[in-house]
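Protein sequences, first through last, are from chains X and Y.
The opening residue of the first sequence carries number 1 in the working numbering; numbering runs sequentially from there.
The opening residue of the second sequence carries number 1 in the working numbering; numbering runs sequentially from there.
There could be a bad hint or two in this list.
As the list claims (entries may be wrong) - Okay, derived cross-link-like pairs now, SDA-like style, lysine to any residue, Cα gap no bigger than 25 Å in a straight line:
#, chain 1, residue 1, chain 2, residue 2
1, Y, Lys-606, X, Pro-45
2, Y, Lys-785, Y, Tyr-538
3, X, Lys-60, Y, Lys-785
4, Y, Lys-606, X, Leu-65
5, Y, Lys-619, Y, Ser-781
6, Y, Lys-380, X, Ala-35
7, Y, Lys-797, X, Arg-90
8, X, Lys-60, Y, Lys-619
9, Y, Lys-793, Y, Asp-582
Think of the hints as simulated: they come from the structure by calculation, not from any bench.
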Amino acid sequence: MNWIDVGGIEDVPLRGARLVKTPVGCVALFRTDEAEVFAASNRCPHKGGPLSEGIIHGQKVTCPLHNWVFDLNTGAALGEDGQIETFPVRVEAGRILLDGHAVGKRSAA
Amino acid sequence: MKQKLVVIGAGMASGRVLEHLTDADPDAYDITIFNAEARGNYNRIMLSPVLSGEKTYEEIVTHDDTWYATRNITCRFGEHVVGIDHDAKTVTGENGTVAYDKLLIATGSAPFIIPVEGKDLPGVITYRDLDDTNAMIKAAKNGGKAVVIGGGLLGLEAAAGLAERGMDVTVLHLMGHLMERQLDEAAGYLLRRDLEKRGIKIITQASTAAILGEDHVEGVMLEDNTGLEADLVVMAVGIRPETRLATDAGLEVARGIEVNAQMQSKTDPDVYAVGECVEFDGHLFGLVAPLYDQAKIVAQGLLGETGAFVVKDVATKLKVTGCDLFSAGDFADAEGREDIVFRDPSRGIYKRLVIEDDRLIGAVMYGDTADGTWFFGLIKDGTEIDEMRETLIFGPAYQGGDTADPLSAVAALPPEAEICGCNGICKGTITDAIAEGATDLGSLRAKTKASASCGTCTGLVEQLLQVTLGDDFQMPAPQPVCGCTDLTHEDVRRLIKSQALKSQPAVWQELGWTTPNGCHVCRPAINFYLLADWPIEYKDDPQSRFVNERKHANIQKDGTFSVVPRMWGGITNADELRAIADAADKYNVPTVKVTGGQRIDLLGVKGEDLPHIWSDLNKAGLVSGHAYSKGLRTVKTCVGTDHCRFGTQDSTGLGIRLEKLLWGSWTPHKLKLGVSGCPRNCAEATCKDIGIVCVDSGFQIGIGGAAGMDVKEVQPLIQVPTEEETIAVVLAVTQLYREHAKYLDRIYKWMAKVGLEWIQEQIGDLDTRRALIERFELSQSIYRKDPWAEQAKEPPKFAPLADLTLEAAE
Ligand code: SRM
Ligand SMILES: Cc1cc2nc3c(=O)[nH]c(=O)nc-3n(C[C@H](O)[C@H](O)[C@H](O)COP(=O)(O)OP(=O)(O)OC[C@H]3O[C@@H](n4cnc5c(N)ncnc54)[C@H](O)[C@@H]3O)c2cc1C
Ligand code: SF4
Ligand code: FES
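So here's chain Y without its partners, still in its complex pose (with noise of 0.2 Å):
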């Protein structure tokens, strides 16, 4: 008699054992067929296409009911299995019993449903099945508003669709980029760019805690209190494998069902599992290339022949029209590994190769993913690339041309983009000037104006220069950021705001970064150049950070750190000493020293003390000093009318007022402080990087003094009548500094390059100085907040993760 198949699931991995087996032997066996769906075999991944109105579901299907009947084999669709017995061989449907030989199960995987109050309301689907697309494309007719949880390749192109179809749509991800474990950063950031453009809202880092509504859904609630209102809610964060029978029937279940590579159940080898349910040597697999491996295997096994199967690297692709990406291969630990990166910020391009001792071991591309199938065959077959490595990232078409070209950036430009802040001159105007004649910067300068005021887009024009004279024009050699690029500091700087760049991603990227990620250099310049430019859109990231800035507090030569609270113009009193003194107890602090700048250092302290001696310092309303940081430090002050007979104006209350409203703000370098109350100038004022001398006719306003490893004497800036004008003054010469210089110069270093006459003007134009001093005020609704205070309130990590010293000591 013929033997008895009995198969659960009418998928993707079943449909092509099933072609296999009966394409081999046609009577092999008398074959049975349940499925929970009611329908055959479709293609599922095409299910996308579908969602999006590029096909139709009869376009997609791949087994009809003319190809089961051809073969004999009894189809019961839309029948639930509920229960295997495999001692007695039986497959239970919800219609009644079947006795089997061989049994295969291929139940797919089921969607990971986030545990979160709402999950069940109506309006809530998720994204597996041809009923879910049915259900999506039909919430879409009505419009409205669309939350898609999870911004991995599912929920990428449910939100594609969902746009596609009209419907207002926002992805919430729950990690820093889009499709993480497919794509680094840059990668994510240019996909995440292409879905924005059409229209497409994405929150990263976005933790869902509620689904609300009544009686359907109407919104969602994150963590962090954002509100979103919805109509349709896809949840699409992940799948599990569908083990529930394999478990039921007693079946060894780990992640996934457990096989050999013959695709036998570990625990009998009459059943056999395929697909997104079964776990291999602790893999599981969520794409169809594998799977399809696996079918081949489980149709020799079922005709006695014996293959094995292996893991192999696959490739991803988003099906989503205009976000070409590809990647490939293992990007996690391994050893002696090294990244070439390529970018073309002009077209939006971006290419990471991995290479692994001689050898491609991951590939990574967005925006021209032509070569991906060359490179995903060099990563599988492990050629060695030793003879290409110089080109390799070029593609298998190179001929020796076509290099990374660090003009690129500017080339990329709109003619409407601003060149040069100062005078308002767009790339346009320049171009035009340089096509009438002008073909130096002095002549484009006399020209258009451009670079003819502060300078810090000379680099720029004399790039646009080049790219429009070719090599007419000899570039002088340029001072670059870091080895990361070729492009100064002030370019830099300009094209952040010019091409409003707003992530440290998009910097890398747009401007054309070597390496993956910066280094140490650019990193901490551009962190600040992003959140001095974009204070409110742009998140400070730590991790960007030198040390002391990270820990708020300055590193010691022996690890240990430095604690100085401020004391507002170095005025303190008995409740902030003794609470000093309590905390110099408390914590073991060797040495206390009154510092140079009027206050109190607690040396000697261990990292992982720092949050409760900043919480303990707290209470006695003592605040960050900010010893450590490129920012406000001190303003240091004297006694001034208060006490002293000479003084003139009360040095000592502008300091503390000056202090208050400065504090906590970022600078390119450290910024210095000095009120004095009358010419003898005891607090140094002079040799301040802002300093105010108090007169009987007012206030004399200096900048760029220091007293470091320069000695420099203040210029005088401007003198004025009040307290109120001085302190309008001090603000928006400092957001000039900030907005303006380079990273690491300190504000004599910054005047030298653009002129004290060129900061006068901008302070001296009222309407300047206002729109300075609001963006000032901007920047600090963020920042004037006390860092300890902050971190305190969620304890930072900074013990030890684990300690593995005590198990090893017994």
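The following block holds chain X by itself, in its conformation from the complex (with noise of 0.2 Å):
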């Protein structure tokens, strides 16, 4: 793991989605709870909707565009055969960090 800081909790609304961009594309950070997040790709596998402009719900999320539903601890479509990507991130004393490795950066060292 390497943990890189990309940003506050308070950078992101209760129930929002902010992005990343990384070296895999955009991943979206999704704020489930006060100090939850989950991070996934933006882009939804039916056609392409930003899944960070969707409605955040307990801890899914429905793309803009035409109503998926996304399990953001799995990243399966509820109910459709689709899956997005899920990355590794945390929060800790209110910064949001998120795995360098997985979204494809090589480490700082």
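Since each chain comes alone in its own frame, lean on the hints to assemble the complex.
Here it is in structure tokens:
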């Protein structure tokens, strides 16, 4: 793991999302609770909808284009045949840490 | 010679160390203990009962003078330690230096003081020790107002204690709900409700800007310029490990004093540290349970044995009588987790379990915490719960009974709760009528008039029949809002009004939602109902809106957006057109199109450019056209008397006036108006949600038109002689629609349910009409604003949070 500080928790609204540009594409950070964040690919496998613009509920997000619902724990689309990639992320002392390795960034060292 | 042990701090952790040590071997050490407080060890966590008056200080002393004396412990209470020299192995107190063989640092933590102006004024206190507690008790003797900054465990215990002692207490909390680290929103909502019932005021999302006063505190000023009077301010915003001595002594300190699993300083094994002042493996500690584990390890170490401290989950309770809450375990990120939620609105109970890999990893409970210990056991032991998954939430006593009752929200209503708003019929009247033999909807309607007008309360009346008659009543299959509830839209709307539910967590809890915070279907609907019914109290939640309404633009299939500025009544001018052209150039807008709604659409704008293009358009006086909203869209007009040879009235002028009054308002679905100058109807007013056709004798107002998936012609609502009255009718019918319709019903669908006659009756009654307009105006005092300008003031965070691609290229 190579934890990278990508921002403060309060930069993402509760039940909102923000993007991080990474070598593997846009990764969306979903804030599902006061101190709970998930990271997953921003691109809906259906027709490329931007998932960070969706409505976030429980630990799920609904795609804004045609309402596919994804479980952010596993990345699985519920009731549809589809999957988004998820990435390790954690919140520590109010900062959001994303695993650099998983998003294709070589270690800083 | 006996080894010398020096202890700094006589708190809860070191107290426990000394107990273990002297019980095991009373003669092992020659012990000296310093304490900054002028007393020995007492049960700090019981300060709250002392504050509230339930206990006295004497009752919470754990180690009195005799205790120390019989163990030959030298007490230097009231003496601060000012230095440690760990090379020379000495500790220096205010009254002199002592040598040690082993040192135990147990300095606890210090309250965090927010660095605002006025923080040092007399009357501003923290909540940590007996002196603080006594200061609060003294201040409360004079009554007056107290402001507690911080809605966590300590702050709320302080607030409850001060309220108990007769002060008028306000709690300021920075986050969205109370105790957000231990509770989720639903439990936070219940806690808030119970505290408010005791007269404690709570302001969330409150950021303190300054504490005011000359030579004593007089008030608190918030960032949003709200001013609060205060005779006492209690700061309870958090704690910091008290590490100053250790840092000065050159011991390794991160956030706390760094120790190994034997609780020895990483720098010097003869120095132990215990309690809130330590950091172990990245963890800090703020509750006593882990400190007691640490104390055991320290005592073992001092006696030459080796144990190892391990971090365990902790459970939280709040010591405020009547606020029963429990929280344990982990709610933060982990993969493959699942929630089980149980709510019983009639008894104010909420329970949520978090499960991962067939094991319970977290639990939050409010109202009924009897099973807390059992759940906590399952969490700590990592018990497999596969077998009991279905019934887990009902606790250990579950023997196949007791399930969530979808009817309990209705059952819980008091007899005076209004069920039928049209006819002012309350629950008691209906249940009385049922008792007197009205056992179906028809006879109930005949007897009480309940649900006999607009009919939106039919579901509730049916539920009352079922609650009262049980199996004798056959419920027709209801159409619930979504999978989160069994209630219909109409029921939810009526319950929001009759129970005065003013927040989303209130709706989720009181109406028994089965999910923690709804879903993409119910959240936008509930958000609309709340803002329509409580425009002042409820704050619109952008996260419960479809992307278009959150970004104030229409999302396109490629993820870009379209931007449609308002053109009032379809009128524009050269300056506006120039500004649109300039914006199209500046932001490389690929398509500029004239819409079917008499205005211009800039299609293909990038998300991060939105705030900029808005501010450019704003400068030319152009505002949001709400082409994206469930709200007022367009008011289409024709040229009318100004130019047309057939025009009978100023249709353009009326259209513009209406658009300027209605814009910004949220409605159940989109709302489009048309105003035509004569029956030739060039503005297509007869297929709009509200259409006005001008005639010589006045204005024909029709409603319920549409030309989308269904093509509908308007039904004649009323004809009125003047422009003023036309406006009054349009505002009133809009408000009636806002207050009653199901989310995503356009006017024609709503009209089919409640009937044109009922709408005509409401609008025809001048008092009702006036009241509707007043409520519309009240709501518009909040919402008649340009969202583009509002967002440009504080540019929204539309750009990526971080860019990790740049460095990757090196
Ligand atoms: C831009 C525009 C088409 C145009 O190029 O002219 C348009 C574009 C869209 N319309 Fe429309 N409608 C537009 C005028 C109309 C009209 C004509 C009118 O208003 O006079 C109608 C029929 C009249 C009516 O509403 O009854 C119309 C009936 C619809 C419907 C069907 C509504 C219904 O109740 O049946 C939808 C779907 C919906 O709202 O659920 C819709 C939805 C849409 C959406 C928002 C689809 C979507 O959800 O993404 C389109 C957005 C395109 C975009 O990316 O910007 N649009 N749409 C028109 C914008 C008018 C404006 O200035 O605001
Ligand atoms: C009002 C209140 C309610 C609480 N309720 C709960 C609860 O319900 N459940 C729970 O688990 N926990 C609760 N806590 C937290 C709990 O009290 C602490 O976790 C615990 O007291 C920490 O023990 P400690 O020994 O590390 O520090 P402390 O008990 O704070 O002891 C540290 C001592 O060191 C002394 N000291 C500091 N610096 C020096 C120095 N330089 N020289 C000499 N002496 C010094 C201090 O004066 C203090 O007496 C509560 C705390 C408070 C204040
Ligand atoms: S008619 Fe269909 S395709 Fe055309 S703008 Fe309206 S919704 Fe889009
Ligand atoms: S693109 Fe996401 S559901 Fe269609």
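Now the hints, each set against the structure:
1. Y:Lys-606 <-> X:Pro-45: Within the cut-off at roughly 21 Å; holds.
2. Y:Lys-785 <-> Y:Tyr-538: Holds. Lys-785 of chain Y to Tyr-538 of chain Y sits at ~17 Å (cutoff 25 Å).
3. X:Lys-60 <-> Y:Lys-785: violated, 32 Å
4. Y:Lys-606 <-> X:Leu-65: Distance ~16 Å between Lys-606 of chain Y and Leu-65 of chain X Cα, so the pair holds.
5. Y:Lys-619 <-> Y:Ser-781: Given pair Lys-619 of chain Y, Ser-781 of chain Y holds - Cα atoms ~23 Å apart, limit 25 Å.
6. Y:Lys-380 <-> X:Ala-35: holds, 22 Å
7. Y:Lys-797 <-> X:Arg-90: holds, 21 Å
8. X:Lys-60 <-> Y:Lys-619: violated, 40 Å
9. Y:Lys-793 <-> Y:Asp-582: Roughly 22 Å separates the two Cα atoms, so the pair holds.
Violation of the numbered hints given earlier is confined to hints 3 and 8; the remaining hints are satisfied by the structure.
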